[in-house]
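Assemble chain U onto chain C, guided by the hints.
Each chain, letter by letter, is given below.
Number of protein chains: 2
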Amino acid sequence: MFDFKYFTPTKVIFGKNTESRVADLIKEFGGTKILIHYGGGSVVRSGLLKRVTDTLDAANINYVTLGGAVPNPHLGLVYEGIELCKKENVDFLLAIGGGSAIDSAKAIGYGLANEGDVWDFYDYKRKAEGSIPLGVILTIAATGSEMSDSSVITKEEGLVKRGYSSDYGRPAFAILNPELTMTLPDYQTACGCTDIMMHTMERYFTQGGNMEITDALAEGLLRTVKKNAVILRDDPQNYDARAEVMWAGSLSHNGLTGCGNDGGDWMTHKLEHELGGLYDVAHGAGLAAIWGTWARYVYKNCLPRFKKFALNVMEVENTGSDEEIALRGIEAMEDFYRSINMPTNLRELGVNPTEEEFALMAEKCAIGVGGAKGSAKVLNEADMLAIYKASL
Amino acid sequence: MFDFKYFTPTKVIFGKNTESRVADLIKEFGGTKILIHYGGGSVVRSGLLKRVTDTLDAANINYVTLGGAVPNPHLGLVYEGIELCKKENVDFLLAIGGGSAIDSAKAIGYGLANEGDVWDFYDYKRKAEGSIPLGVILTIAATGSEMSDSSVITKEEGLVKRGYSSDYGRPAFAILNPELTMTLPDYQTACGCTDIMMHTMERYFTQGGNMEITDALAEGLLRTVKKNAVILRDDPQNYDARAEVMWAGSLSHNGLTGCGNDGGDWMTHKLEHELGGLYDVAHGAGLAAIWGTWARYVYKNCLPRFKKFALNVMEVENTGSDEEIALRGIEAMEDFYRSINMPTNLRELGVNPTEEEFALMAEKCAIGVGGAKGSAKVLNEADMLAIYKASL
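Chains as they are written, first to last, in the working numbering: chain C, 1 to 392; chain U, 1001 to 1392.
If we strip away everything but chain C, and leave its shape as in the complex, we get (with noise of 0.2 Å):
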């Protein structure tokens, strides 16, 4: 196993109507002008950005308010965001509403503790050296940017699509209601299962350093989303489904699933990055496009642990050889994203990409990972276009 830091410093306040209690919140870290951020009409729509504000006016809380933040957030809505927080001398970011509201946060976040221009730090060109602090009011379980120290953010010019992760980023608190989850479509429901469990996938999928206790918690959290996705599927009223995958949303992505690791494979998101940069698909639904024949790719390359997902996880028979239980994994796998309506390939997705756009999603994601990357399999420039042509 590899040396390790573990850092989860978000508080989580989990439960029914616990977006009650945001202005206690808010004064409990020190904030005094807010920033609340949010996306589309749902949060207006819901009531929630009303109950949101009028808890504020009660606490005797300032706020400034900006909507608008998209899936794959825009660079432009950030620098918006930057010079209205200093305009109004914001000391405190709210984010309501799911990854994008919560990324685009971060970043304006980034921008107004550092100088210069924000985007230097997605583009690899130097480190933040702090943020202000953010608080979360989660309505969608996916991205687990709620406790995580990543966002995402997508510069307009050239559709360019770039992570940041520091552990400035990492939200203050995060109030998760399961029932804000509630209203989400089915399809948005079982596009944040798949990117959840693909989080933890994603950790899985390596050389080496696994640990015995993070296997058995990244198990045990992908056979309970993948039971719960499907009872969302038949019952998306149902608060335990709801609440078993918020939960699961978190801890999925906030470090706990990889401790050990030699840092996790990521190139099923490197390569759906390029995929959601190109086209407008929805992250969730893009990875599971994608991930199937990214296995088929590079398994026999990573066999005891495509094994041993397929027996810890999958629950297949323990019959034949390391090789057919792999595969049977894989098939397993696959019949599950069938099950709660995801692709399995390009065209399900909805996308047909010509020759020249294979060639650019490759080029694209190879200049994005710096050339290859991969831990299951180091995957180069040629790896790329082979997956993204196969997968369609």
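Hints are computed from structural coordinates only; laboratory data are not their basis.
Just so you know, these numbers come straight off a predicted model, no measurement behind them.
Check the hints yourself; a few may be wrong.
Stated by the list, open to error - Cut-off 20 Å, straight-line C-alpha distance, at most; resulting in silico cross-link-like pairs (SDA-like, lysine to any residue):
1) 11/C - 1129/U
2) 389/C - 360/C
3) 1011/U - 168/C
4) 127/C - 1024/U
5) 125/C - 160/C
6) 5/C - 1327/U
7) 1308/U - 1327/U
8) 11/C - 1255/U
Said to hold, decoys possible - Listing some non-contacts, in silico: residues in chain U with all C-beta distances to chain C over 12 Å:
9) 1063
10) 1186
11) 1233
12) 1292
13) 1336
14) 1348
15) 1377
16) 1390
C-beta: ideal position from N, C-alpha, C; glycine also.
Frame of chain C, contents of chain U only:
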């Protein structure tokens, strides 16, 4: 399931030679004048204290030292530490050792940041409103105090042993180097594994609120410790097994394995506390000596959980009635204790109380829990007496 809070701000630095980073970590958390608090001579004899002070000297960090923290750490030493810190203007505490040194340091921190008698907190009279930052270099995997909110202090007068929990008690950082635990006597290693498992088992045997994901994490953690405790019995220098147990120790008591439940049972701990107050027994061994009797006394009242434990943790045969399966699980747990040379009753623990001592322990235990307590089954003083006597 119940609503919950999850807050584990401790920065964990895990791996070989990580104690060499202590000066940087102290600076990161703003420490300028340090109290180094430790227990017995092993920290001195092993050269660890010297290595740490050399590191601080090289970084121009001033410190004073206070040794002498004993198992069931005493209030007198806490008072002494508070006086020393006030005199020396200490602004950061560094505990080197296991639960004794850490718990004692937590109490010193409360005493420094709050007016009045620090025992008030342990006597349930008032709540701490702050502390000063605490760093830990862990040398014994057992209590989980390096990430937990709890500390246990014994008042010499009347041998009153009390625990106090506060988020202010959670350490700022914890350095976890499994190599530092390799010189522990085998008995202490086994006691540590017992204590670690019990922190999750106390959270597991409840009447409700259990989340599937919490159960999956708890069961995975318990299986991992059970397996690696046996490895360490035969091969105490096994780094990987030391690491599995050490990380499990932190996760088992930081709150992770109780999310969503009703708060847990905790009666095995409470019953053992009185044993530890009256006799000089190791905490882990005391827990093992009590647990089987407690389990047989309560299991019918909490049958689904005992059955699940038997199947998913002890992995016993799934045949017969629920009661038979539950009892098979309890027996398997006792077999495990015996396999790592832990006692399964008071005689094996080396304790043979008189009728008066039994009555005194039950009376003090009942007072300590405010009359009656427990989740698997609520126990009153008569129940406590019956369990003590049956555990002989």
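These are the hints, each one checked on the structure:
Under the criterion of a C-alpha separation no larger than 20 Å, the hint pairing residue 11/C with residue 1129/U is consistent with the structure, at around 17 Å. As the CA atoms of residue 389/C and residue 360/C are separated by approximately 12 Å, the hinted pair is consistent with the 20 Å bound. Restraint check: the Cα-Cα separation between residue 1011/U and residue 168/C comes to about 13 Å, which is no more than 20 Å; the hinted pair holds. Our distance criterion of 20 Å between C-alpha atoms is met by residue 127/C and residue 1024/U, whose separation comes to about 18 Å.
In summary, the hint linking residue 125/C to residue 160/C is supported, as the alpha carbons are separated by about 15 Å, within the 20 Å threshold. Taken as a hint, the residue 5/C and residue 1327/U pair is broken in the structure, with Cα atoms around 40 Å apart against an allowance of 20 Å. Of the supplied pair hints, the one linking residue 1308/U and residue 1327/U holds, its CA atoms being roughly 12 Å apart against a limit of 20 Å. Taking the CA atoms of residue 11/C and residue 1255/U, the gap is about 12 Å. The hint holds against a cut of 20 Å.
Every CB of chain C is more than 12 Å from the CB of residue 1063/U (nearest about 24 Å), matching its label as outside the interface. Interface exclusion of residue 1186/U from chain C stands, the closest Cβ pair being 21 Å apart, more than 12 Å. Every Cβ of chain C is farther than 12 Å from the Cβ of residue 1233/U; the closest lies at roughly 17 Å, confirming the non-interface assignment. The claim that residue 1292/U is not at the interface with chain C holds, since no C-beta of that chain comes within 12 Å of its own (minimum 25 Å).
With a least CB separation of 17 Å from chain C, residue 1336/U remains clear of the 12 Å interface cut-off, as annotated. Annotated as non-interface, residue 1348/U keeps its C-beta farther than 12 Å from every C-beta of chain C; the closest such distance is 29 Å. No Cβ of chain C comes within 12 Å of the Cβ of residue 1377/U; the nearest lies about 25 Å off, and the non-interface call holds. No beta-carbon of chain C comes within 12 Å of the beta-carbon of residue 1390/U; the shortest separation is about 34 Å.
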